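Listed in order, the protein sequences are those of chains A and B.
Under the working numbering, the first residue of the first sequence is numbered 85, with each subsequent residue one higher.
Under the working numbering, the first residue of the second sequence is numbered 85, with each subsequent residue one higher.
Derived from the structure by calculation, the hints contain no laboratory data.
Among the clues, some could well be false.
Same chains, same names: a pair is fine if it fits in one copy or spans any two.
Result set (DSS-like, lysine-lysine): computed pairs, CA atoms no more than 25 angstroms apart in a straight line [unchecked claim]: (1) K175 x K480; (2) K355 x K93; (3) K93 x K486; (4) K486 x K281; (5) K256 x K490; (6) K282 x K174; (7) K355 x K486; (8) K490 x K232; (9) K281 x K235; (10) K474 x K174; (11) K171 x K487; (12) K355 x K94; (13) K291 x K93; (14) K122 x K94; (15) K290 x K93; (16) K291 x K94; (17) K235 x K406; (18) K122 x K181; (19) K474 x K282; (20) K474 x K235.
Note that the coordinates shown come from a computational prediction; the quantities given were computed from them, not determined experimentally.
There are 2 protein chains.
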Amino acid sequence: MARINENYKKLQEGYLFPEIYKRTVAFQKNNPGVELIKLGIGDTTRPLTMAVVKHLHEVADEMADESTYRGYDAEQGIMELREALAKHYKKYGVNLKADEVFINDGAKPDLANLQSIFAGNSVVAVQDPVYPAYVDSTVISGKTTGYKDGKYEGIVYMDCTEENGFFPDLPKQNVDLIYLCSPNNPTGAVATHEQLKKFVDYAQEKKAVIIFDAAYSAFISDVGLPRSIYEVDGAKTCAIEVNSFSKLAGFTGVRLGWTVVPHELCAEGTKPGEVQALWDRRQTTMFNGASNIAQLAGIAVLSEEGQEEVREVIDYYMHNAKIIRDGLAEVGLEVSGGTNAPYIWAKTPNGLDSWEFFDKALNEAHVVVTPGAGFGQRGEGHFRLSAFGKRENIEKAVDNIKKNLKI
Amino acid sequence: MARINENYKKLQEGYLFPEIYKRTVAFQKNNPGVELIKLGIGDTTRPLTMAVVKHLHEVADEMADESTYRGYDAEQGIMELREALAKHYKKYGVNLKADEVFINDGAKPDLANLQSIFAGNSVVAVQDPVYPAYVDSTVISGKTTGYKDGKYEGIVYMDCTEENGFFPDLPKQNVDLIYLCSPNNPTGAVATHEQLKKFVDYAQEKKAVIIFDAAYSAFISDVGLPRSIYEVDGAKTCAIEVNSFSKLAGFTGVRLGWTVVPHELCAEGTKPGEVQALWDRRQTTMFNGASNIAQLAGIAVLSEEGQEEVREVIDYYMHNAKIIRDGLAEVGLEVSGGTNAPYIWAKTPNGLDSWEFFDKALNEAHVVVTPGAGFGQRGEGHFRLSAFGKRENIEKAVDNIKKNLKI
């Protein structure tokens, strides 16, 4: 008699994006002909770069030829890509071995799947506001009980507020796994070396493991800010880093990323190498590698030519971010994020709650924003804008806000 | 204090392929210059077909162009592909809605991930011999206790032997989830309509759920044999079907497949649609879709031109299978599988155990086989050969066996 995993019932409705969709559709129905500009979703709009596309054509031809056709590669990824990524980290002064880099099909699955190698009753800490995938996968795996005041009981929420510059204080309770995201989604805050060091020291002392989501690290241009948690001494003993080609190279649909599980990483009672071996076992058992076409394209992204092109794409998005930041500031909104990060996090004016502001922006400026409340209790009173749109839309949106938003 | 998932410790070493590798390397070291032919692994060797490659070039160009670039698609897959697959099923008289077809990145991950939506203490039944991924994911998710006589305690093993034509009898114990694989890996046995009906009736009566692995269904040419479990009345209420483009279209490295969760499917206490909604929630939370390049290539596979080309590829492999079957039979080995299935399952001669025969085939015929014991207790005394090799190697291997294997 098959029974379902009852933990799914604990999940609150995926309220955010369906509700945005519902309100947007209703607006369009009532206002035919009005052009809406969507700055809510974090999807890329710049096409793949020339180095990547050239390589994709070569790969297609290789796959058509019996003598160069590739079947299964290793579940952990094509060695040339793993080596190229290990080399990539040297730019930040981080030394990794290729076998510490596991290729994945984008950051989201691994951010959830990593829980598989840790105890089922682990206590998980997350930032609040938070990218929902960390939380929902924690609920599905049975680590929470009820839901109260916008929080799941059993999860430790670490507040990110204006007061602490949107980077959390250390948890007061004992926790086992700590999700940290920098540059942060949704707040756009970027952790400093000192901030990360505090968490690394804590994790070493308490034998906790940090799951570090660095999916937006390519947007950091300030050389003083860490682009990898491994720039912090000791992080290899206590941190797993997950990253992605999605935003870096327009691979949101192509699906490619990587997870670093250092050999030195330890959990309670393990020797160096044992946690890495567990992840290796998980991947070889339940994964068959990212698409080889995506992996070979990823090698092109990491080439010298590819990196130059990627730089241009990032500059484009970061110029979008600047336009948004400046425009919002001009109309008197309090803005953070948007430098070294592709997300702009702004305070709603006049004490509006985030859904009230969503409606206001929709009706007055015809701009779709993401209400902060969708990212957790501490997101209330804020909204998120994404810099991944097309330039003309970004300019139009900011123009509409300046002209028509009544603050 | 992070602790590991102790269930991983219950896993027996992934003994099979590392041991094959070890013995093969040792042989080559001691016998320099001798050419070994590997017929053990189920990896494809035929290149992608022209319709697919042509489409890949088009996709590369579309992704390079701002106006046709694609970012995120739905986690459940590109609708055109889901619709094309639903249409594909009509060939077998099976009516599915596109939203019942969830695109995945190959069969293996979903065959494991599906356990996430069912209760953690579900009792799992598997065929013996068995594709190891079903078993290992059951162990990792904590559904077993010890390991004894080649079996995990807590799993129900359903023997597949010569006596029952390598298709199991119904389990005597109560079970919740039943993995069935047809055409079978490793035995090459193909379930008849009547055999599947027996299991569907059982599942309906006991409210069990069948997870049906149809990854080799494209190799069925006998029109009397079911290519989908949904050809059996009632299967939609109790069976999830997982399939793949891997062997069908040479996509082993490209990574693409699909999982059908019918709207009608029910578990204990659920209404129609609820299990499907759980899988939808699982996928949107922990997966971001298969690579869009792979998905668009998959659409080309399902085109009329693509299907004709695929037919040729399958014929090529099935002719390999015939060469192997005939060759083994000629030297007096007892052979099954290899018709309507790309695997040949043979009995070791003279009561040799499967590793003894492995060594014999290696030393005398210079052919690498897969020892049946690697697939479970009931695999002992057998070995598996794969038809996915290149023709010239298949012919050489069979020639070597005929000339040099001392039986």
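At most 25 angstroms between alpha carbons: which applies to K122 and K94, within, between, both or neither? neither (31 angstroms within a copy, 50 angstroms between copies)
Within a copy, between copies, both or neither: where do K474 and K174 come within 25 angstroms Cα-Cα? neither (33 angstroms within a copy, 41 angstroms between copies)
Using 25 angstroms as the alpha-carbon threshold, which applies to K355 and K94: within, between, both, or neither? Classified as between; 18 angstroms across copies, 36 angstroms inside a copy.
With identical chains, the pair K93 and K486 could be close in the same copy or across copies; at 25 angstroms between alpha carbons, which is it: within, between, both, or neither? This pair counts as neither: shortest intra-copy Cα distance 43 angstroms, inter-copy 60 angstroms.
How would you classify K291 and K94 at a CA-CA limit of 25 angstroms: within, between, both, or neither? Intra 29 angstroms, inter 24 angstroms, cutoff 25 angstroms: inter-copy only.
Are the CA atoms of K235 and K406 at most 25 angstroms apart within a copy, between copies, both, or neither? neither (33 angstroms within a copy, 61 angstroms between copies)
What label fits K282 with K174 when the C-alpha limit is 25 angstroms: within, between, both, or neither? Intra 23 angstroms, inter 60 angstroms, cutoff 25 angstroms: intra-copy only.
Same-copy or cross-copy closeness of K171 to K487 [CA-CA at most 25 angstroms]: neither (48 angstroms within a copy, 50 angstroms between copies)
Quick one: K355 to K93, C-alpha cut-off 25 angstroms, is that within a copy, between copies, both, or neither? between (37 angstroms within a copy, 14 angstroms between copies)
Could you place K486 and K281 in one of the four classes (within, between, both, neither) given a Cα distance threshold of 25 angstroms? neither (40 angstroms within a copy, 67 angstroms between copies)
Checking K355 and K486: alpha-carbon separation at most 25 angstroms within a copy, between copies, both or neither? neither (58 angstroms within a copy, 50 angstroms between copies)
What label fits K291 with K93 when the C-alpha limit is 25 angstroms: within, between, both, or neither? Only across copies: K291 and K93 sit 20 angstroms apart there, 32 angstroms inside one copy, limit 25 angstroms.
Comparing the model with each numbered hint stated earlier shows that hints 1, 3, 4, 5, 7, 8, 9, 10, 11, 14, 17, 18, 19 and 20 do not hold.
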